[in-house]
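Using my numbering, the first residue of the sequence shown is number 31, and each one after it goes up by one.
Warning: the hint list may mix true and false statements.
Only pairs whose alpha carbons sit at most 20 Å apart, straight line, appear in this in silico EDC-like list of lysine to aspartate or glutamate [unchecked claim]:
1. Lys114 with Asp179
2. Lys249 with Asp179
3. Lys148 with Asp215
Restraint-style ranges between C-beta atoms, simulated for each label pair [stated by the list, open to error]:
4. Glu139 with Leu238: 19 to 27 Å
5. Ile137 with Thr88: 30 to 38 Å
6. Trp181 with Arg37: 39 to 47 Å
Derived from the structure by calculation, the hints contain no laboratory data. No residue lacks a Cβ here, since even glycine has one placed at the ideal position from N, Cα and C.
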Amino acid sequence: MPTELTRRLTAEFVGTFFLLLAVVGSGIMAENLSDDIGIQLLANSFATAGALTCLILTFGRVSGAQFNPVVTLWARLEGDLNNKTALSYVAVQTVGGILGVIAANVIFELDAIYWSTKERSDPSLWLSEIIATFGLMMVIIGVVRSRKDHWVAVSVAAYIAGAYFFTSSTSFANPAVTLARTFSDTFAGIDPSDAPMFILCQLIGCVLAVAAMRVTHPK
31 MPTELTRRLT
41 AEFVGTFFLL
51 LAVVGSGIMA
61 ENLSDDIGIQ
71 LLANSFATAG
81 ALTCLILTFG
91 RVSGAQFNPV
101 VTLWARLEGD
111 LNNKTALSYV
121 AVQTVGGILG
131 VIAANVIFEL
141 DAIYWSTKER
151 SDPSLWLSEI
161 IATFGLMMVI
171 IGVVRSRKDH
181 WVAVSVAAYI
191 AGAYFFTSST
201 SFANPAVTLA
211 RTFSDTFAGI
221 DPSDAPMFIL
231 CQLIGCVLAV
241 AAMRVTHPK
């Protein structure tokens with residue numbers, strides 16, 4: 031029988047794989063079906079939210095369905111994970127995400143590794159990522175602390191779908207997602223040189239949200 035940690039890491043790997051497959055695959059499909067950027071973004075957000083809802087419901091009771099290093103950081107800060115487990119979560123989330131993007135490239139007949147050239151480097155986008163990540167963590171922490179765990183999947187998916195449209199960066203809000211999206215020069219891609227600043231801003235947003243929610247929703 032697999033160990034508890036193996037079960038949890040497998041859930042994080044598979045969940046993040048399918049999350050990135052949904053994000054990038056739906057972006058490619060949207061580009062193939064329409065030249066309208068608004069329709070492309072709508073299709074991308076709808077597919078991402080739908081997949082995320084299902085994935086959280088599927089793996090929530092196994093690993094917490096974090097699929098995101100900033101969520102794992104919060105779990106570590108709360109003492110829910112030890113250092114080894116938290117680092118293992120981040121590792122499998124990152125690898126799973128990259129492989130999910132590669133799979134999306136391949137099934138749409140693109141090069142497996144198709145480095146993105148899509149520039150996303152501007153102070154407005156950096157601020158957007160801080161706010162997007164703050165909002166995501168606010169929703170997760172608020173819903174969990176309100177003892178409404180059964181609403182996490184819908185709440186997170188609804189927030190991400192909305193944030194696609196109310197943030198200029200389209201709400202990456204996830205370091206593993208950001209890194210993985212450098213592997214596809216498609217609708218959802220980001221130039222590798224722009225990823226580090228996005229990730230830094232996401233970490234800032236996470237820390238600010240954790241601090242704020244400790245005031246509004248003490249444990």
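Each hint tested on the structure:
1. Restraint check for Lys114 and Asp179: the C-alpha separation of about 25 Å exceeds 20 Å, so the hint is violated.
2. Restraint check for Lys249 and Asp179: the C-alpha separation of about 15 Å stays at or below 20 Å, so the hint holds.
3. Between Lys148 and Asp215 the CA atoms are separated by roughly 7 Å; this keeps the pair inside 20 Å, and the hint holds.
4. The supplied range of 19 to 27 Å is broken by Glu139 and Leu238, whose beta-carbon atoms lie about 42 Å from each other.
5. For the hinted restraint 30 to 38 Å between Ile137 and Thr88, the CB-CB distance of approximately 21 Å leaves it violated.
6. Separated by about 24 Å at the C-beta atoms, Trp181 and Arg37 break the suggested range of 39 to 47 Å.
Going down the numbered hints, you'll see the structure goes against 1, 4, 5 and 6, while the others check out.
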